[in-house]
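Protein chains in written order, with numbering that gives the first Met the number 0: chain Z, 0 to 553; chain V, 0 to 216.
Incorrect hints may have been included.
[Said to hold, decoys possible] A few chain V residues facing chain Z, derived, Cβ under 10 Å:
1) I53
2) G80
3) R113
4) A177
Worth flagging that the hints you see were computed from the coordinates, not collected in a lab. Beta carbons are placed, not taken as given, at the ideal position from N, Cα and C, and that holds for glycine.
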Amino acid sequence: MKLDVRLSPNWLLDLEMREYRPQDAVDFCIIGTGAGGGVLAQRLARFGFSVVALEAGDWHDSERDMVSDEAGSGRLYWNDLRITGGQDPLEFGANNSGRGVGGGTVHYAAFCPRLHPSDFRVRTLDGVAVDWPISYQDLEPYYEDMEREYPVSGPAHFPWGAPHGYPYAPLEAGTAGQMLIKGCQALGIRVVAGGPVAIPSGRVGKRPHCIQRGFCLLGCKVGAKSSTLVSHIPDAIARGAEIRTACMAFEIPLDQAGRVSGVRYYRTLPGGRRIEEEQRAQAVIVAGYAIETPRLLLNSTSERFPDGLANSSGLVGRYLMAQAGPVVWGRFPDLIRQYKSPPACALSEAFCETDAANDFVRGYALQTVAPLPIAMAHLIAEEDGRFGEGLVRAMQDYNHDAAIGVLGEILPDERNTVTIHPTERDRFGIPVPYMRFSLFENDRRMMAAGIARARAVLTAAGATETHAVPRYAHLVGTARMGFTPADSVVDRWCRSWDVPNLLVCDGSVLPTQGSANPALTISALAARTSDWLRRAVPAGALARRPSDPTAVEV
Amino acid sequence: MISDRYPDADVLEQRGHWDDATRQVVLDRVHNVPSFHYFDAQARETLEALCARIIPQDHRPAARRVPIAPWIDDRCASDTGVGFRFDDMPDDATAWTLGLAGLDETAQAVAGARFSVLPPDRQDLVLEAIRQGDPPGDVWRRRVPARRWWIQVALKQISGVYYAHPSAWDEIGFGGPAYPRGYAALNFGAREHWEATEVPDSPPAISGGAAPGAVPS
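One chain only, chain V, in its complex shape (with noise of 0.2 Å):
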C-alpha cells in the first residue's frame, strides 16, 4: 500500500500566487480532461488496465484518481510531434495501437485472458515479461520491440501524464509553480510556510527495488 507522504499537500491551494498562463496551463490540465475518441472499446480497456498497473492509485478515492488513458488517446489522435523517431519502431499512434494489441497476446499466451480481465498480480506477470524485453506475441516479434515499447511509449508517457496532474505533486511533495513568487527556504531542504510537511513512512520509504510482483532478473 502506498502511504501518504504530505497528507497536508494541496499545491492548487497556491494557485492565485501563480502566474495567468501557468496557472490556465495548470487547471486546464485538471479541469479538462479529453474524451476519448482514438482507440475502439478493447484497446481503451487494454490501455486503461495498463495505466492502473503503472501507476496505481487504489489508495485514493475514486474521486481523485488523475486521468491518464484519455490523454494518451488524445495525443494519439492529434498528432503532437516529440521531435523524432526511433528508426525500429513505428510512429507514436502506430506503437500505442500495436503495443495494446501486443499486451493482450502475452496475456493471452501468459495466462489464457486479455490483460483487463485478468487480476492485478497476474497482469504484474505479464508486464514484467515485456520489461524483460522478450514477451511472447507476434506483435514484439516481428513489428515492436518490447523493451523500447515499455520504456519510452508505455513507462515515459505514463508517467509523464501522471506527474504532470497537480494530485501527483501532492503526493511527492513537489511545491510546483513559483512565478512571480520565488523560493525564500533553500537551505537544508527547508519548506516554505505555504509547503506541505513530510510525514516519513515507518520503516524509511523504500525507494529501490524491482516492481512488485516481478520476477527477479
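Here chain Z stands alone, though its shape is the one from the complex (with noise of 0.2 Å):
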C-alpha cells in the first residue's frame, strides 16, 4: 500500500510499503513499534529479512493528527483499561505509555542518557538488585550508533559515567532550564547545558531543525525531536518491513514442538469493522513495553505454559520498576515563561553514583523539565489539594515558575508486579493488566534526598518557594533479562529461554533502569540483539532453546 503521512512540514512519507499476507511465515514478527520495535524492524529488514510489526495505534501525522494542545492529544497514549493498586499505585495513560507508530518516543521529552558503567553491576558494586547479564561495554557500541541515528545533542564531552561526547552541539536553554544550570553553578555542583537531548541541532535529511515551541510532549510537528517514527521507522518500511496499524495482539500461539507460530490479534479496519487474524512467523519479538508485553504473556497460556508463555520461571511481570520522577518547582521574582524552548535542555548527573555519606544506595539524576498549564495545575492539584482562590492564584504564577524533575533508581523488587486482573476486560475483551507498585525504605530515602537537593538548586537559583510533588516516570522490568532460566525471563540477547523462537525486547528486559531515561538503552539492546539475530538465525540458533545442550552458541 502507499502511505500518505507527513512526518515533518516537507517530508511526506508516500513510500509504496510492502504488505504480507497473514498465513504467509514471515522471518520476524515484532510487537510495538516504540523505541524497541522500531529500532529492530529497521535492522532486521536492512538484514533481509521478513519483517512485519504489528502496532496497536495508528500513524501519527505531524499536520493532521499532531496538536499543540494538552487536552487534545489523547491520542498519543495507552488509553485502554488498566488497573493499579500497591501502597504507591502509579497512573497509567499519559505520560508513561505509548499507542500509535513510533510508540512513547513520539512523546518522551527527549532525555536520552546512557546508564553508567556501574548500573550494570549493583550487586556486585552495592549488594542490592542483580547485575546484568551484559556490561556496559556489551551495549557502548550501540549506544553510539543510536546517538548518531536518532541523533542525539549534547555536551562535546559527556563528564559522567564512561566517557562520550555527542554528534550534535547542544540546543538553546530556555530561561527554566537556565534556572537548573545557575543553582548548580551557585552551589558548586556540575550541570551540563543541552542534554543529552534527542533534538539534532541542525537539519537531518528532511526533518528541520528545532523552533523552539516547547510542545515536545505532544507530539514534534516540526519532525526535529527524535523519534522511531522520524529516525527509524521510514528506513525500515524502504527495506521491506511492513508497519501493519490499528493491530491489537492478544496471544501467541504455541506449536506441538513448543515454538510460537506467529501472533494472534484484533485488527480494525478502516471504517471500524474489527476482524481476527494471525500473521504466522518464523519468529516473534515482543516490544510492547513493560505492561502490554508481560500481559500478552501472561494471557498466553496452553498447555505447555498454563502461567503464561515463556514464564517457566514465574518471573513474568515481576519486577516492575517505574523511575522517581518527582516534579519540584520553585517560584521566581522575575519571568520565567517555561512554555518556551524543549523542556529537557540541561541536566546533572551528580549524584547518580551510590554515595556513602547517603542513607540510600544508588541515586538520581536532576533533569529540567517544564510542565504546560494542565500539567501544572496538576501538580499544584497532587501537591496539598488545594482548590479555589489559592489553586487560581498558584497558577496566575505560573510564568513565574521554573521546574527541576528528579530522576532517581527505583530498586526492583518481586512484590511489585504486573499481573491479569481476574474480571475486568478491556474494549476488545482481552483481560486487563492490574499493577500493584509500592516505594521501599531506599527507594523513599533516594526520592527525599532528591526533593532536598533539587529545592535548594532552585532556591540556589533565586526561587522565593519551593513545591514538590512526587511523581513517576518511565516503566521498564517485567521480563528481566539474566544469567539463568530460574533467574530471568530472557537470556542476554533478550532470547526467552523456554521457548527456542522468541525473543522479548523492550524496556521489560532492564533488570535495573539506573537513573537514565530508558529510551536510548531499550533502542541500544535492540540493535544488539538484531546485530545477534543476523548471524544467530543462518547458524540455527533459534532451533533450541539457550539452556538446551545442543544449542548452537553464535
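Using the supplied hints, reconstruct the complex from the two chains, each of which is provided in its own coordinate frame.
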C-alpha cells in the first residue's frame, strides 16, 4: 500500500509499503513499534529478513494528527483500561505509555542519557538488586550507533559514566532550563547544558531543526525531535518491512513442537469493523513495553505454559520498576515563561552513583522539566489538594515558575508486579493488566534526598519558595534478562529461555534502570539483539532453547 | 478577589498563526460546548456548584466564564478511557455519580442542606472536609475514598477542563500554540511581541497557602 503520512513540514512519507499475507510465515513478527520495535524492524529489514511489525495504534501525521494542545493529544497514549494498586499506585495512560507508530518516543521529552558502567553491576558494587548479564562495554557500540542515528545532541565531553561526547551541539536552553544551570553553578554542582537530548541542532534529512516551540511532550510537529517514527521506521519501510497499524495482539500461539507459530491479533479496519487474524512467523519478538509485554505473555496460556508463555521461571510480570520522577518547582520573582524551548535541555548526573555519605544506595539525576498549564495545575492539585482562589492564584504564577525533575533509581522488587486482572476486560474483550506498586525504604530515602537537592538548587537560583510532588516516570523490568532460566525470562540476547524462537526486546528486559531515561538503552539493546539475530538465524540458533545442551552458540 | 495579571492577553487573537489542526481543536473547544446528557438535574446542580468553588470565576463577566461542568458530563457519557483505574475506585463515570451524591451527603451532615444551595463559605467547608480525606457520609465510608476522589477525579478533571481553555491561558499569560512560528524570545523570561505583558500584583502574588476558607490542617 502507498503511505500518506507527513513526518515534518517538508517530508511526506509516501513510500509504497510492502504488505505480507497473514498466512505467509515471515521471518520476524514484531509486536510494537516504539524505541525497541522501531529499531528492530529497521535493522532486521536491512539484514534481509522479512518483517511485519504489529502496532496497536495508528500513524501520527505531524500536520493532521499532532496538535499544540494538551487536552487534544489523547491519541498519543495507551488509553485502554488498566488497573493500578499497591501502597504507591502508579498512574498510567498519559506520560508513561505510548500508542501509535513510534510508541512512547513520539511524546517523550527526548532526554537520552546512557546508563553508567556501574548500573550493570549493582549487585556486585552495592549488594542490591542484580547484575546484568551484559556489561556497559557490550552495549557501548550500540549507544554510539543510536546517538548517531536518532541523532542526539549534547556536550562534546560528557562528564559522567564512561567518557563520551555527542554528535550534535546542544540546543539553546530556555529561561526555565537556565535556572537549573544557575542553581547548580551557585552550589558548585557539576551540570551540563544541552542534554543529552534527541533533538538535533541541525537539519537531518527532511527533518528541519527545532523551532523552540516547547510542545515536545505532545509530539513534534516540526519533525526535529527524534522518535523511531522519524528516525528508523521510514528506513524500515524502505527496506521492505511492513508496519501494520490498528492491530492489537492478544495471543502468541504455541505449536506442538513448543515453538511459537505467529501472533494472533484484532485488526480494526478503516470504518471501524474489527477482524481477527493470525500473522504466521518463523520467530516472534515482543516489544510492547513493560505493561503490554507481560500482559500478552501472561494471556498466552497453553498446556505447556499454564502460567503464561515463557514463564517457567514465574518471573513474567515481576520486578516492575517505575523511575522516581518527583517534580520540584520554584517561584521566581522574575518572569520565566517555562513553556518556551524544549523542556529537556540541561541535567546533572552528579548524584547518580552510590555515595557512602547517603543513607541509601544508587541515586538520582536532576533534569529540566517544563509542565504546560494543565500539567502544572495537576501538580498543584496533587501537592496539597488546594482549590478555589489558592489554586487559581498559584496558576497565575505559572510564568514565574521553573521546575526540576528528579529522575531516580527505584530498585526492582519482586512484590511490584503486573498480573492479569481476574474479571476486567478491555474494549477488545482482552483481560487487562493489574499493576501493584509500592516504594521501599531505599526508594523513599533516595526520593527525599533528590527532592531536597532540587529545592536547594532552585533556591540557589533565586526561587523564593519551592514545591514538590512525588511522581513517577518510565516503566521497565517485567521480563528481565539474566544469567539462567531460573533467575530471568530472557537471556543476554533477549531470547526467551523457554521458547527457542521467541524474544522480548523492550524496556521490560531491563534488570535495573539506573537514573537514565530508558529510550536510548532500549534502542541500543534492540540494535544489539538485531546484530546477534543476523548471525544467529542462519547458524540455526533459534532452533533450540538457549539452555539446551545441543543449542548452537553464536 | 482574583486580579487580572495579563489584562491585554488574548491568545485567540493569534489563531491565524496556528496550524490548521491545532486551530480546529482549540476553536471547537471554545465554540462547541456539549449540552448536558449524562447527569440528572440534581447532580448537575451539584457539579456546577463544585466547579464554581474549585475554579471561581466571579472575576469574569458571566459571558466570559469558561464552561466546565458540560465537559465533565460529556466525558462521563462518552466512555473515553484515560488508561487506568485505581483498584479502590469505581470507573470514572460511576466515581462522578457517587462523588456528587457524596458531596450532598457531606453537605447535609456538615451544613444541613444540599451542596448547591449553600453559600460559598459553607460550600468551602464541605470541600475542605473532603480534601482532608475523612468527610462524613456513607459514600465516602463505603464506596469511594474521599481523598483519592478529591485529587484524581474532582481537582484534576475540573482544572484539566479549565486550563485547556484559551481564556484560562490568558489568565496565566501562557503563550499558547506556537507552530509553525516558534519562539524567539527565549532568555530572561522575555516576551514575544505578540505575547501579553504582565501587570504584577501589588503586593507580590500569593502562590502558596491553603484554600481560602480552609480549616488549617
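(request) Taking the numbered hints from earlier one at a time, note which ones the structure violates and give those numbers from smallest to largest. (result) Of the numbered hints, just 3 does not hold.
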